[in-house]
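J.: Sequences and hints are given; from them, build the entire structure.
Going down the list, the protein sequences come from chains A and B.
When you line the first sequence up against this note's numbering, it's residues 1 to 61, in that order.
When you line the second sequence up against this note's numbering, it's residues 1 to 389, in that order.
By construction, these hints were calculated from the structure, which means they are not laboratory data.
The structure displayed is predicted, hence computed values, not measured ones.
There could be a bad hint or two in this list.
Keeping only pairs whose Cα atoms sit at most 30 Å apart, straight-line, the calculated BS3-like set for lysine-lysine is [to be verified]: (1) B:K186 / B:K94; (2) B:K129 / A:K9; (3) A:K11 / B:K125; (4) B:K25 / B:K94; (5) B:K257 / B:K25; (6) B:K94 / B:K253; (7) B:K56 / B:K25; (8) B:K56 / B:K31; (9) B:K41 / B:K56; (10) B:K125 / B:K56; (11) A:K11 / B:K99; (12) B:K56 / B:K257; (13) B:K125 / B:K41; (14) B:K129 / A:K6; (15) B:K125 / A:K6; (16) B:K302 / B:K316; (17) B:K125 / A:K9; (18) B:K302 / B:K326.
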Amino acid sequence: MQETEKYQKLKDIIQIYLPEDVSVNDIQPSSNFVTELNINSANLVDIILDVEDTFDIRLGK
Amino acid sequence: MGRRVVITGMGVCAPNGVGLSEFSKALYQGKSGIRFQSRLKALEFGCQIAGEPLIKDNLLEQYFTPLQLRGLNASGLVYGVIAGKDAWDDAGLKPNIGKSPNWDHGIIFGTGMSGADKFREAIYKVDNKEVRRLGSTTVVQTMTSGISAYLGGMLGCGNQVTSNSSACTTGTESVLMAYDRIASGKAEVLLTGSCSDSDPYIWGGFDAMRILPRDYNDDPGAASRPMSASAQGFVPGSGAGALVLESLESAKKRGAKIYAEVLGGEINSGGQVGEGSMTAPNSEAVQRCIQRAVQNAGIQPKDIDAINGHLTATTKDALEISNWSKALGLQGERFPYINSFKGMIGHCIAAAGSIECVGSILQLEEGVIYGNINCDDLHPRDYQNYIHS
Numbered sequence: 001m002q003e004t005e006k007y008q009k010l011k012d013i014i015q016i017y018l019p020e021d022v023s024v025n026d027i028q029p030s031s032n033f034v035t036e037l038n039i040n041s042a043n044l045v046d047i048i049l050d051v052e053d054t055f056d057i058r059l060g061k
Numbered sequence: 001m002g003r004r005v006v007i008t009g010m011g012v013c014a015p016n017g018v019g020l021s022e023f024s025k026a027l028y029q030g031k032s033g034i035r036f037q038s039r040l041k042a043l044e045f046g047c048q049i050a051g052e053p054l055i056k057d058n059l060l061e062q063y064f065t066p067l068q069l070r071g072l073n074a075s076g077l078v079y080g081v082i083a084g085k086d087a088w089d090d091a092g093l094k095p096n097i098g099k100s101p102n103w104d105h106g107i108i109f110g111t112g113m114s115g116a117d118k119f120r121e122a123i124y125k126v127d128n129k130e131v132r133r134l135g136s137t138t139v140v141q142t143m144t145s146g147i148s149a150y151l152g153g154m155l156g157c158g159n160q161v162t163s164n165s166s167a168c169t170t171g172t173e174s175v176l177m178a179y180d181r182i183a184s185g186k187a188e189v190l191l192t193g194s195c196s197d198s199d200p201y202i203w204g205g206f207d208a209m210r211i212l213p214r215d216y217n218d219d220p221g222a223a224s225r226p227m228s229a230s231a232q233g234f235v236p237g238s239g240a241g242a243l244v245l246e247s248l249e250s251a252k253k254r255g256a257k258i259y260a261e262v263l264g265g266e267i268n269s270g271g272q273v274g275e276g277s278m279t280a281p282n283s284e285a286v287q288r289c290i291q292r293a294v295q296n297a298g299i300q301p302k303d304i305d306a307i308n309g310h311l312t313a314t315t316k317d318a319l320e321i322s323n324w325s326k327a328l329g330l331q332g333e334r335f336p337y338i339n340s341f342k343g344m345i346g347h348c349i350a351a352a353g354s355i356e357c358v359g360s361i362l363q364l365e366e367g368v369i370y371g372n373i374n375c376d377d378l379h380p381r382d383y384q385n386y387i388h389s
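T.: Quick look at the structure:
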């Protein structure tokens with residue numbers, strides 16, 4: 001999988017967790033999920049699970 | 001005497017109708033919401049029928065965000081949110097989206113067990129050593145207070161936000177708890193009601209006790225037979241009912257529509273002594289409860305036009321009728337009209353009381369008393385002494 005394709009898939013995952021006032025265009029490779037994208041910190045575990053399922057990997061404990 | 005409390009909004013997710021107008025129409029027409037459940041057949045239940053609200057997929061999008069819908073597997077929570085948000089909207093209230101909680105608004109919304117299906121998913125993952133893959137919503141979907149937490153967050157309530165749990169009493173109890181809190185001046189507006197899952201894991205225990213009808217799998221609409229001589233047991237149901245209770249002052253200030261006033265009520269327990277058990281009523285307790293409710297409301301038994309009974313379609317229906325009759329001192333022609341919605345919707349367990357409160361108040365709104373179904377063969381032994389058919 002190409003880097004750009006991976007990045008797009010990652011953005012697709014993150015999009016659903018964004019609050020209404022944050023656009024998918026605000027996502028940058030260096031964005032902090034909680035402080036910059038205002039994602040509810042409780043959802044970080046869900047994002048990890050989505051990444052694991054999408055890329056068929058396990059990120060460890 | 002406390003402050004006067006009125007009902008200014010309602011919402012419902014019932015097996016025979018979702019939303020007030022559909023539910024009211026169904027009750028008026030005597031439409032049954034009891035259907036065959038292939039899932040129960042596959043699991044080899046004795047009773048393979050149940051009352052389950054029919055929720056269209058596109059309806060969910062109106063109540064939940066795409067994020068909330070992900071991994072959502074708690075039917076009672078879904079019913080409760082639909083009924084609760086509808087009631088809030090019906091009362092002319094808006095969700096609080098400000099930065100500060102609304103201290104006058106709260107939630108008392110009960111259930112039995114929340115999200116049995118979600119809990120099952122979680123148990124499989126935990127036992128499979130995948131606890132880290134449970135996700136962030138397992139807690140809110142499976143805790144009993146999940147429904148009040150969910151609604152409290154959606155509406156921005158800052159007053160008491162809690163879930164009561166007391167089996168079949170849950171729904172009516174929540175209304176009384178909300179009434180008490182508003183009457184005593186501790187809250188202005190409370191969203192109250194209850195919900196119950198559509199779930200073999202909830203219903204299975206009742207099937208095991210052999211108190212559900214087993215001879216109607218081919219004729220679901222005829223299965224739930226309150227007050228009938230051929231009643232075989234209660235049909236399991238599910239859903240949610242929601243009511244907005246509000247101080248009369250607050251309702252007047254807002255110019256809100258007032259459906260009804262809560263004049264009073266009473267709750268007690270039979271103590272599981274004497275003829276009473278956890279499931280069987282103690283007649284002394286039932287009669288005392290009725291008499292005190294009438295007293296609290298400041299009315300006379302003869303003022304009562306209609307009773308909506310608990311009447312679940314078990315052998316105890318006759319005892320319930322005799323307890324009403326004795327407690328009120330009314331019989332024969334003087335006994336008020338009595339009905340049970342359970343013939344159409346089954347026994348919605350924790351949601352029963354709130355759904356049936358909504359139906360009872362719709363009777364006032366529509367100026368009708370909804371009929372009973374499946375009791376053409378009125379139980380002969382007890383009823384004829386007390387009521388006219």
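J.: Now tell me if each hint is right for this structure.
T.: Verification of the hints:
With a C-alpha separation of about 21 Å, the suggested pairing of K186 (chain B) with K94 (chain B) holds against the 30 Å cut-off. Between K129 (chain B) and K9 (chain A), the direct Cα distance comes to roughly 28 Å. Compliance with the 30 Å bound is thereby established for this hinted pair. Simply put, K11 (chain A) and K125 (chain B) have alpha-carbon atoms about 27 Å apart, close enough for the 30 Å limit, and the pair holds. Under the criterion of a C-alpha separation no larger than 30 Å, the hint pairing K25 (chain B) with K94 (chain B) is consistent with the structure, at around 27 Å.
Using a Cα cut-off of 30 Å, the hinted pair K257 (chain B) and K25 (chain B) holds, with the two alpha carbons roughly 21 Å apart. Taken as a hint, the K94 (chain B) and K253 (chain B) pair is honoured in the structure, with Cα atoms around 16 Å apart against an allowance of 30 Å. This hinted pair checks out: K56 (chain B) and K25 (chain B) have alpha carbons roughly 19 Å apart, not beyond 30 Å. With a C-alpha separation of about 19 Å, the suggested pairing of K56 (chain B) with K31 (chain B) holds against the 30 Å cut-off.
Taking the CA atoms of K41 (chain B) and K56 (chain B), the gap is near 23 Å; set against the 30 Å cutoff, the hint holds. Taken as a hint, the K125 (chain B) and K56 (chain B) pair is honoured in the structure, with Cα atoms around 29 Å apart against an allowance of 30 Å. Note on K11 (chain A) and K99 (chain B): the hinted pairing holds, with a Cα-Cα distance of about 29 Å set against a maximum of 30 Å. Our distance criterion of 30 Å between C-alpha atoms is met by K56 (chain B) and K257 (chain B), whose separation comes to about 29 Å.
For a cut-off of 30 Å, the pair hint linking K125 (chain B) to K41 (chain B) stands: about 26 Å separates their Cα positions. For the proposed pair K129 (chain B) and K6 (chain A), the alpha carbon gap of about 29 Å is at most 30 Å, so the pair holds. Taking the CA atoms of K125 (chain B) and K6 (chain A), the gap is about 28 Å. The hint holds against a cut of 30 Å. Taking the CA atoms of K302 (chain B) and K316 (chain B), the gap is near 25 Å; set against the 30 Å cutoff, the hint holds.
Using a Cα cut-off of 30 Å, the hinted pair K125 (chain B) and K9 (chain A) holds, with the two alpha carbons roughly 26 Å apart. A distance of roughly 13 Å separates the Cα atoms of K302 (chain B) and K326 (chain B); the hinted pair therefore holds under the 30 Å criterion.
Of the numbered hints listed earlier, not one is contradicted by the structure.
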